[in-house]
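So the sequences go chain by chain: A and S.
Letter by letter, the first sequence follows residues 1 to 938 in the working numbering.
Letter by letter, the second sequence follows residues 1 to 172 in the working numbering.
No lab work stands behind these hints, which were simulated from the structure alone.
Here the structure is a predicted model, which is why all the values come from computation and not from measurement.
Please note that the accuracy of each hint is not assured.
[Stated by the list, open to error] Calculated cross-link-like contacts (lysine-lysine; reagent style DSBU-like; alpha-carbon spacing at most 35 Å):
#: 1; chain 1: A; residue 1: Lys149; chain 2: S; residue 2: Lys148
#: 2; chain 1: S; residue 1: Lys99; chain 2: S; residue 2: Lys121
#: 3; chain 1: S; residue 1: Lys148; chain 2: S; residue 2: Lys159
#: 4; chain 1: A; residue 1: Lys624; chain 2: S; residue 2: Lys125
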Amino acid sequence: MDRRNFLKILGITSSTAMLSSCGVDKANEKIIPYVIPPDEEVYPGKPLYVSTTCTECPANCGLQVKVNEKLYHEQRSLYPTKLEGIPNHPINRGGLCARGQAGLFRLYHPERIKRPMVRDEQGNWLIITWSEVVTRIQDELQKTRRLGKINTYLSNHTNGTISQLKNQFCQEYGFERLPDFELFSHANIKKANQLVFNKQVIPQYRIAKTDFLLSLGADILETFVSPVEHTYHFSIAKKNQHFRWYHLEPHVSLTGVQADHRIVIYPESEIIFLSYLIQTLFRESHQKRNLPFKLLRSIPTYSLEETAQQTGIYQQDLQKLVGELSKAENPLIISGGISTAHAYGLEVAVLTALLQWILGITSEVVNFINARNYENIGTFLDINNLLHRLDQNEIGVFFLSKCDPAGQLPVDWQFLEKLKKASFSIGLADCLNATVRACNMILPLSHTLESWGDAQPFDGLHSIFQPAIEPQYDSKTEGDILLSLLNNNSEFSLYYKDYLFNNLKSRFGETNTSKLLQNGFIRTAVPESELSINLNQVYQFLKNFRIPQVKRTELLVFAPSIRGYDGRSTDLVLLNEIPDPLTTISYGAWLSVSEETATRMSLKDGDEVEVRIADERTKLPVKKQKLLPENVNLVQYGVVRLLSGSYDKRSGELFWFIKDIILSKTGNHVKLPVLSGSMDENGRGILPHVNEHGHEKEGKPWYPEHEHENYRWGMAIDLESCIGCNACSAACYVENNIPIVGRKEHLLGREMSWIRIQPYVQDNESIEFVPMMCQHCDNAPCEPVCPVYAAYHNPEGLNVQVYNRCVGTRYCANNCPYKARRFNWFDHRLPEPLDKMYNPDISIRDRGIMEKCTFCIQRIRAAKDKAKDDNRLVQEGEVIPACAQTCPTKAITFGNLEDKNSKAYKLAHSEQAYRALEELGTKPAVNYLGKKREHYEA
Amino acid sequence: MKIRIAPYFIIIYVLAFIIFVILISYFWQKNRKTPEQPINFSHQIHVSKVGLPCTHCHTTVEKSTAAGIPSVETCMTCHKAVKKESPEIQKLTKYWENKQPVPWQRVYRLPARKYVYFSHKRHIKANLECVNCHGNVEIMSIIKRVPKLEMGWCMSCHKAKNVSIDCATCHK
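Next comes chain A alone, as it looks inside the complex (with noise of 0.2 Å):
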């Protein structure tokens, strides 16, 4: 042997000696006890639930906060680690949507503000503390006092008693307190129903209630107001067969594709559509309520042929429609979102309200009396004012409380160089954002689940926030702060929490408080008013009936999206995680171009384009979108920043859209996460017809049946009510310590997300959504290939995989023909302080193992081990899978498939029930219960 091997066989020796002692767990490790014990409740492994209201977008749904007690950097603690609806609330039922199951990426987030903040004349920032913020506050008060300029307050959408507070603060330091910020405030709704009932609310619509739903670009599974409320109603409204639902748009929205019938409409056209719809409604002596004739005579009058041709929708839909809407018992029409988001919007919520009230109005479908609290949001007039003020040097403090105006107004606005003209900007956040950033003063704000307070979502629903976890940071609550300022407190002694409990006790009476704490909300009684019509201001309104000049050009349509709202969660880890429902795209930007487009400007999807407005310009790349109206481009919110904006002088909307872009390809290509391989099911069958499956097609198994004793677990999976949200996806990363990828492992392919929601286009007409994940057959193909029997069938049908067993083989992936399973190629962990949310009661797989939806076992273990403690079997409702629990419609049911009386047993064996791929003979035991797609044709 000469010196070279023996250097080799020692190099080797050694480095495998090193790498093989890398993998053993840390020796010593603390187990280390309370000094104090908190509660006797309180202990390891049992969690506990707190109710409180979600704060990620002004519907404020019922939230129940799982909190367990964790050993975290050797502090016992409790942490919250989940967030569900609560069950019974009457705005979401149970149901989360994903940005509300993201929410704990707030609570955690690593950009969260730590300690209260000021600028020095340099521009650097220093640390204060909170009774230093006190006097500094009141320096600068009397500073401006001298200068005599005026201080104001912005906040977002604020309710409850928080509100009153900051009446009472603004009152007595002279504070002006603006009108809430809220990027999409509904001016137009509002006004117009100012101008016809005399309301200037947001009613309730109540879709579970109606027969004949006629919305107008409103994306009410989506974003529009309350979607998860929208989303449950129509999921009931869908099990009357009668129901009927025709969705106007002039793109394509997650919303449109869920619809009976998507129709187009040119851009603007809505006001030619509704003129032509109440006039022929008359005609045709359908109305139920009459109008004055020179009411009536103000509202333009089409042929069908004129209508057709201005706003792009064929002559026999609009028959058909006539005909459909003229029948319905109890008709509800919404325009919202995009159609009343342009020039001409004003009108088209205008006649929408004339159109309902014609057909009749009830209560049942459009609540006016528990109206939406958007009664102190503003609009563009009022930030427009605002940003006048800021030039003219007028405004002195300035506070800017929980809204980001610089991240979301429109460019070419520059919110923040006006801003620094406010001599003393004051932002309160709970993270970092572009205002906070350019503020003078930064004070932190414990998030709503460390703080107390409450909210009304709507008149006569009153909902509280209560603290689940101690505030991470040295960060207070609004109140606490507003609190001290008034009564110069420096030492911050007097809380918010009291005043609260003073104000809420004064307001609802001991017994209901209580009841407000336990259940999360209460409700009180709203006095009754008749809705009336206002004939002469409608009137005085329709005399000046614009017409529009619908000319087509190409457009840049901005949208709020799913995931981003307006912008506010993009930058929540999670929702970028989780893909884009209609184009899968995962993170980063993108133009969504109709097809019509791309193959005119030869683009391939993730070709660059640059986009030019006026004198701005952005680059993007593209993505092809089917069912995309040829000349409109998409783009979401939040994702791009809105460039130029503008927005109706009357009623203060900002419209949505950008007419005359000019598109030119830059030769560049960027390389986008498409999570879907394939839009197309290429004939597989995995959304079959109606008529196409049956239980004949079955292939044959290949191994002898396995037996159950008590339980075969399963799943039934509604596709007539699934909408393709992704908040199951959502729920299912938080409550099983998914690993989140990134972007880079994404356009591997190597995503992570054990629940998938597939699109498919159908026809070119249509995209149906099918959630996929481990269908838990019982002749698996992955559990033979395993060389190591980490993938077994359990005794309850449980197709497991057992982590420590997993040697990564990946043998099993491939031999799935559900593309179910999802492959550690690296540890993504969590960073900190992300990783206080991980769920202690199932593992943190390490890299190189195999994961997959498990039916969420850790919740079947818990409800064995509850039903041992009680010597009875598992109940039907006991075990929810986080999937199932959040799922807005509650398209998801779980159950035992043993148990005959099993709500999933009698899924699985009714008519509509399909198993996807049943013709390889796998027997999952997931079950589709597909599409009535009959009624689509009749």
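Since the structure of chain A is provided, determine the placement of chain S on it from the hints.
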């Protein structure tokens, strides 16, 4: 230039390496069985002499997966008065005064605990005695791990008692 190295050189190297590994693992194992604790707590005194039942301190053993470790406050309920002069109790008092938890070293840990979920409650409800797994704690002045807590050991009992041997019972 080539230097000839006799093959027995390699044998010696490999043997030395193996001995080294064995020695390391021996001390390591020993350390794991009886790690040094921040306070010399004696189960023998508390159980045999004072006569406290296990559940006096391990309060959640009957109702939770974790048996529970007493809070510093629990220790102090007695030790505010009892044996105040002992140097070990003074250590405890110091933790209490600083409002800090005692950083006990874990003695019983499952080798692959990351993927194993053990429930104390289930085993107590199945009428198992603490002694069955933890040994005669009442005679241990320094707590020591008795079984190795390897899966084979779990399985032998599960098989003998004819209870579930499904992987998913413990692994999730």
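Consistency of the hints with the structure:
1. A:Lys149 / S:Lys148: Violated: Lys149 (chain A) and Lys148 (chain S) sit about 75 Å apart, past 35 Å.
2. S:Lys99 / S:Lys121: Given pair Lys99 (chain S), Lys121 (chain S) holds - Cα atoms ~30 Å apart, limit 35 Å.
3. S:Lys148 / S:Lys159: holds, 18 Å
4. A:Lys624 / S:Lys125: violated, 61 Å
When each numbered hint is compared with the structure, violations occur for hints 1, 4.
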